[in-house]
Amino acid sequence: MPKRTDIQKILLIGSGPIVIGQAAEFDYSGVQACKVLLEEGYEVVLVNSNPATIMTDPEFATATYIEPLLPGPVTKIIEKERPDALLPTLGGQTALNIAMTLFEDGTLERFGVELIGADAAAIRRAEDREEFRRTMTEAGLRIPWSMTVESLGEVEEALADGRVTLPAIVRPAFTMGGQGGGVGRSETELRQVVSEGLAASPINQVLVEESVIGWGEFELEVMRDRNDNVVIICSIENVDPMGVHTGDSVTVAPAQTLTDPLYQDLRDQAIEVIRAIGVETGGSNVQFAVNPESGEIVVIEMNPRVSRSSALASKATGFPIAKMAAKLAVGYALEEIPNDITRATPASFEPTIDYVVTKIPRFAFEKFPGSEGRLSTYMQSVGEAMAIGRTFRESFAKAMRSRELDSPAEIPESDEELLAAIEVPCAERFDQILAAFERGIDVEAVHQACKVDRWFLRELQGLATEGDGTDGLARAYKAVDTCAAEFEAATPYYYSGHERPRHDGSPPASEIRRGDNASVVILGAGPNRIGQGIEFDYCCVHAAMTARELGRDAVMINCNPETVSTDYDTSSRLYFEPLTAEDVLAVCEQEQPEGVIVQFGGQTPLKLARTLEEAGVPLLGTPVHAIHLAEDRGRFGALLRRLGVEHPPYGTALSAEEAEVIAAEVGFPLLVRPSYVLGGRAMEICYSTADLKAYLEANVKADQEHPLLLDRFLEDAIEVDVDALGDGEGVYVAGIMQHVEEAGVHSGDSACVIPPLSLGEPMLEEIRATTERIALELGVVGLINIQYAVAGGRLYVIEANPRASRTVPFVSKAIGVPLAKLACRLMLGEKLADQELPEGPLEHVSVKEAVLPFARFAGADSVLGPEMKSTGEVMGIAADFPTAFGKAQAAAGVRLPQEGSVFITVTDTDKPAATQLAARFHDLGFEVIATGGTAQAIERMGVPVTRINKLQEGSPHVLDLIRKRECDLVINTPTGSGARTDGYEIRTAAVRHGIPCVTTMTGATAAVRAIAAGKQGAAEVRSLQEIHQSAVRAAEPR
Amino acid sequence: MSAYLLLEDGTRLDGLACGHERAVTGEVVFNTAMTGYQESVTDPSYAGQIIVFTYPLIGNYGVSAAAMESDRVHARGVVMRDAKNREDVATAEGGWLDWLGDCGVPGISGVDTRALVRHLRDKGAMRGGIFPAATGEAEARERIAAEPSMAGADFARTVTPAEPVRFEGDGPHVVGIDTGVKLSIVRQLREHGCRLTLLPCTSTPEEVLAEDPDVVFLANGPGDPAALDYVVETVRELVGKRPVFGICLGHQLLCRAVGLETYKLPFGHRGANHPVKDLETGRIDITSQNHGFAVVGPGGEPKIEGDEPVRWDTDFGVAELSQLNLYDRTVEGLVLRDVAGATVQYHPEAGPGPHDARHLFDRFLALAA
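These protein sequences, in sequence, are chains S and V.
Residue numbering for the first sequence is 1 to 1038, as defined by this note's numbering.
Residue numbering for the second sequence is 1 to 369, as defined by this note's numbering.
Accuracy of the hints is not assured; some may be wrong.
[To be verified] The following label-pair restraints were derived from C-beta to C-beta distances:
1) Leu585/S - Thr91/V: 40 to 48 Å
2) Pro266/V - Leu405/S: 20 to 28 Å
3) Leu405/S - Asp98/V: 54 to 62 Å
4) Pro507/S - Ser149/V: 29 to 37 Å
5) Leu550/S - Pro266/V: 37 to 45 Å
6) Glu39/S - Pro309/V: 43 to 51 Å
7) Asp98/V - Asn291/S: 20 to 28 Å
8) Ala139/S - Arg72/V: 38 to 46 Å
9) Asp102/V - Gln448/S: 53 to 61 Å
10) Asn291/S - Ser149/V: 42 to 50 Å
[As the list claims (entries may be wrong)] Below, a list of computed lysine to aspartate or glutamate pairs in the EDC-like style, where the Cα atoms sit at most 20 Å apart:
11) Lys303/V - Asp338/V
12) Lys303/V - Asp119/S
13) Lys80/S - Asp119/S
14) Lys303/V - Glu336/S
15) Lys241/V - Asp212/V
16) Lys123/V - Glu830/S
17) Lys303/V - Glu899/S
18) Lys1015/S - Glu899/S
19) Lys123/V - Glu899/S
20) Lys9/S - Glu130/S
21) Lys451/S - Asp88/V
22) Lys3/S - Glu335/S
23) Lys607/S - Glu646/S
24) Lys3/S - Asp338/V
[Unchecked claim] Part of the chain V face toward chain S, derived, beta carbon under 8 Å:
25) Asp71
26) Asn85
27) Gly271
28) His274
29) Lys277
30) Leu279
31) Leu326
32) Pro352
33) Ala366
Think of the hints as simulated: they come from the structure by calculation, not from any bench.
Built from N, CA and C at the ideal position, the CB exists for glycine as well.
Turn these sequences into a full structure, and let the hints steer you where they fit.
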């Protein structure tokens, strides 16, 4: 069947900010879909709130809307754009949920928008637990016993009459990554997990089901076309058995432990599932549990859309599931679509692979003190790495090193403790298992502790005792080709394996087709983690596009399967490899590149810069010594003094004793952190010697290797972030961002605004001039980011990073200039004078807001500080700041109330400002609630206030208020971190009960302005293309 | 112990000996399936061949009686990247390498199988051998040269039963000419309730008719169909008299019996992922494949281009293409329009491989009605 001609305009919904459970994989799938739909001649309307995505680059859609992913704004876009169809299956759970809301409220029907890919009935059959159970049962498939529960009372009844057996699993309906779910091992635990699940589900519904903990967990990626042809793209086996969310499990492809009959049974059932659910076209993911003793199979769930697993399956096989799903949705059949990799064969086949793929999750529990760190049925990992090897051991070892852990995992001393630790699934589980085998603990003991299949354990035992099996072998690059070499591959997508040298001693066969063209190697950012996310992948993708535009072969090295950078057609050659010195040098040896770009992938490639340079590999852009100079406080301080630029007093300590001496010299308050930080790890503000001592005891081993940095912390300063381009001769200041939160909140967690709100032209001019001088002095060729603080009318430099910063995509979208692309051009020798660079004032206001994962980590404090905790970001664009800020808040999932009550409790120094704030809320019609001191201060201003007890004053107190959801907004500024203060209890309760909680006064002020703006009516929606077009400004480089 | 694989063109790849340690020669072919190693090596169609598995890990789930496709190993040898001898899964009754050893079958592991497969893909399947490192290359070359070519080879005689084999059933009586039938086919026919009689492939038309078949079945099997003129002659005598269906080699034999030609594919189809379009329903089945020869198209060309219906004029009237391989557009099955007969080149019985095409047995057995 040919493609459909009855539709012309298609709406695609993205997945919004990077959050746990929904990450870069949906940028990858969305980009594939956008590209293919545009190629097919359709108009594409895209909406996504995440500026750090490639899909929101204006060139990937006909009209790109950076708007909150909520039914309201999406309805306005539909009203304005009048698309013929909505493709809801490529933007994760977010897109699916919005599509369902718009279907159910009649919006789609009203505007004549057809759901393509999966219709509402199919989505409901897959997503609604009750319907899913009925559908599976009717199809003759076994699923675990289960019951849908809408109140705790129902669970009590079922426990009483024996319908529930323990352990039982709890899964909330309509949440992504299993958020709010868990395992009930005891009656008490079951009650707790059910109440949390009910709160997390947008429809207050959870499924309680039979536990198949310890069974083998398998996933099949399935595709179906309009002719009802179904193919399996990939089987995935979870090394962690049932009980750990698949996103947190180490997984391998293909399945290793299934006999052919058992695999074929799963295959038959997966096909049965997609037909029964009725996903008409596109990709789905079906999860099974298999009893290792009896071979009994139960269906666990099915996602009627592309998913994290389908991104993994695509990267694991070379079969582009999202691209195919988009083609199938517009009417093509699988046999009508060529396989991109072989070009000679059609897509109506099943990939077969001749290597082993291992996916390993990357965790960040260390960022969230207070969280338990135990893995469960809801996802907690922040990123993942994938590795390809010729054997399981090789693949697994590559995956382990791809994680790039900051420090080795801690292993318990005694064997008993170690086995006890292995029993509880945690981030370090496989480090522990390998350690157990190194110590000679046997497979059976480890199997009893963790239930991981003995097949994997024997392989891991081999890995621990004999190594990865590459001794005596030589590295050879093999291609990923979907067909195990049966056909020639046209697409150059490689991994390294180790093979025996040939009989004549020559190296084993590599398949690289290098050609004679000059190549530029781009080092990616590796697994997503807090502090190093999709923004860097965005920059790497832009570098690849630009290198190709400039006639070079773009060579990408990365190991993150979620990303656009590891799509097979992003670069000229893709090496799916860990980002370690050894692996990168081996690729450089093959490539003999013109140069390597290390400045775009965050800290990961920067850490390799020196080694590469020493090995004689040419690096592009800003010289490495300048990058290191900027990170060396002493030398950089000297540079600033030479330039006559101010910086806060600082010192460096090599021991705890020295730290106390230097603290006295620099003066409190102090910002304390170790050198070479990523996302502000172990960074804290100390107000006194006591604070400092506590910090030193808790965190730090200051020594010659790891000096400790102490900076004077400028209180009440305005923090400013600047992104600029340099070509060695000139500088272009692209964006000056003012942080909404005061200095002290990590720039990655702070909301910021372009253009700055409260800086006058003289200060802006000083910032521009200072940026220019620093960039020239450092010899910046490419990007530089400088952080400033403005305090008492004076400008201080906090730090400078001559590399791509986290804010590059945001600034690029705010000003309509692709900074990373321009930077790449400069790095390849072009000059600023050759570029089109707009200058002059912007007509719109752009706000970036961070998205925080506290709801995922029960017990973690939600207070913001110098340590970065956000996983992603959103952007709000509007004609004025309050509206843009309101959009950004809404996009970040903060539901600022339009009415109701606000609970204010602040530290003493914030009390004067809080009274002003209370007055504003009162004027907006809010009830103001406060405790003792704050209430008194507010009353003195003549604002009516409802008093509530502090915790120690007894019930009913503030926590009761929050638990009963009797307030709609919490404003709480912290009085010291970590301790179980009232503030901590209030903030964690607010997170748990989904009440927005603002923890800074400036944030609160912005929030009240946004609420006021929101009361004026819904904000208008404008596409990036319209915004950038209207912002035609003078083009002249500085 | 070291061992090496040598091909007739001189290509040598080294590895470690496993299974039964001895020298062996045969036609070196590759299989791209990721599961089903035991089913493959016991499939009589692999007689005379050394199998290179493209999936690197072979032996993961051990061996079991249930996975036997015949009563013994027919493949001459096995080439692997990372051989395993595990018996951890519940269904395992023994380790793969122990079992290969017990069966007297040599294997070689640690081989750069991907490089080998790329070579075979480009140069075609060819003769070769697995040799212990102690065997000199000159001797090895001689032994390979002494190995007869697969083209023109009759292996059916080596795998056919000496006496008729009978299975009771209430359904139609299927009489098979057993050129090396897979047990999965026997299982499928029995699941359909058939009464099944398997005759030696040297049986005469009279002997077949004496069984009073409702339908004659031509089995799969090894070797070159062109070398089996004695079977082809038998089949010629049966076509038109009784309905006939053939699978794999049986498909080729029936085609030759009605006057069509077969040819040797460069490296064959062996795997579990080939898409085949069923031209009667328009459905695409993912199929289990194991064949080195194929039937020539109506104009004498090896591949079918275009989407027009494809017909042959045969000695028994019109034959129509019913199954088309979407990978390389070769003939995967046809139907005789003027007499009762149908064929399929691939393996609808699976074992190993996908179950998509099991419905073909209904179609074949409907010929008996």
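Hint by hint, here is what the structure shows:
1. The hinted range of 40 to 48 Å is satisfied by Leu585/S and Thr91/V, whose Cβ atoms lie roughly 45 Å apart.
2. Judged by the Cβ atoms, the range 20 to 28 Å given for Pro266/V and Leu405/S is violated: they are separated by roughly 48 Å.
3. Between Leu405/S and Asp98/V the Cβ separation comes to about 39 Å, which falls outside the hinted range of 54 to 62 Å.
4. For Pro507/S and Ser149/V, the Cβ-Cβ distance of about 33 Å falls inside the hinted range of 29 to 37 Å, so the restraint holds.
5. For Leu550/S and Pro266/V, the hinted distance range of 37 to 45 Å is satisfied, since their beta carbons lie about 41 Å from each other.
6. A beta carbon spacing of about 33 Å between Glu39/S and Pro309/V contradicts the range 43 to 51 Å that was offered as a hint.
7. Checked against the given bound of 20 to 28 Å, the beta carbons of Asp98/V and Asn291/S, roughly 26 Å apart, stay inside it.
8. A beta carbon spacing of about 40 Å between Ala139/S and Arg72/V agrees with the range 38 to 46 Å that was offered as a hint.
9. Checking the proposed 53 to 61 Å range against Asp102/V and Gln448/S shows it is violated: the Cβ atoms sit about 31 Å from each other.
10. Separation of Asn291/S from Ser149/V is about 49 Å and conforms to the stated range, judged on CB atoms against 42 to 50 Å.
11. At most 20 Å may separate the alpha-carbon atoms for a hinted pair to count; Lys303/V and Asp338/V exceed this at roughly 24 Å.
12. For the hint linking Lys303/V to Asp119/S, the alpha-carbon distance of about 40 Å lies beyond 20 Å, and the restraint is violated.
13. As the CA atoms of Lys80/S and Asp119/S are separated by approximately 23 Å, the hinted pair breaks the 20 Å bound.
14. As the CA atoms of Lys303/V and Glu336/S are separated by approximately 18 Å, the hinted pair is consistent with the 20 Å bound.
15. Straight-line distance between C-alpha atoms of Lys241/V and Asp212/V comes to about 11 Å, which keeps the hinted pair within the 20 Å bound.
16. With a C-alpha separation of about 48 Å, the suggested pairing of Lys123/V with Glu830/S is violated against the 20 Å cut-off.
17. Proposed proximity of Lys303/V and Glu899/S is contradicted: the alpha carbons are some 73 Å apart, above 20 Å.
18. With a CA separation close to 9 Å, the supplied pair Lys1015/S and Glu899/S stays within the 20 Å bound.
19. Annotation: proposed proximity of Lys123/V to Glu899/S is violated, straight-line Cα distance about 76 Å (limit 20 Å).
20. Restraint check: the Cα-Cα separation between Lys9/S and Glu130/S comes to about 34 Å, which exceeds 20 Å; the hinted pair is violated.
21. Restraint check for Lys451/S and Asp88/V: satisfied, since their Cα atoms lie roughly 13 Å apart, inside the 20 Å limit.
22. With a C-alpha separation of about 13 Å, the suggested pairing of Lys3/S with Glu335/S holds against the 20 Å cut-off.
23. Distance restraint check for Lys607/S and Glu646/S: the Cα-Cα separation of roughly 28 Å exceeds the 20 Å cut-off, and the hinted pair is therefore not satisfied.
24. Under the criterion of a C-alpha separation no larger than 20 Å, the hint pairing Lys3/S with Asp338/V is inconsistent with the structure, at around 38 Å.
25. Residue-level restraint check for Asp71/V is violated (minimum Cβ-Cβ distance to chain S is 19 Å; threshold 8 Å).
26. Hint status for Asn85/V: violated, given a least beta-carbon distance of 10 Å to chain S, over 8 Å.
27. The criterion of a C-beta within 8 Å of any C-beta in chain S is met by Gly271/V, whose closest approach is roughly 6 Å, and the hint holds.
28. Taken as an interface hint, His274/V checks out: its beta carbon lies about 7 Å from the nearest beta carbon of chain S, inside 8 Å.
29. The beta carbon of Lys277/V comes within 7 Å of a beta carbon in chain S, closer than 8 Å, and the hint placing it at the interface holds.
30. Evaluation of the Leu279/V hint against chain S yields a violated restraint, the C-beta minimum of about 12 Å exceeding 8 Å.
31. Of the supplied interface hints, the one on Leu326/V holds, with its beta-carbon coming within about 5 Å of a beta-carbon of chain S, less than 8 Å.
32. At about 4 Å, the closest approach between the beta carbon of Pro352/V and any beta carbon in chain S falls short of 8 Å, and the interface hint on this residue holds.
33. Proximity of Ala366/V to chain S is violated relative to the hint, the smallest CB-CB distance being about 22 Å (cut-off 8 Å).
Violated hints, listed in ascending order, are 2, 3, 6, 9, 11, 12, 13, 16, 17, 19, 20, 23, 24, 25, 26, 30, 33; each of the other numbered hints is respected by the structure.
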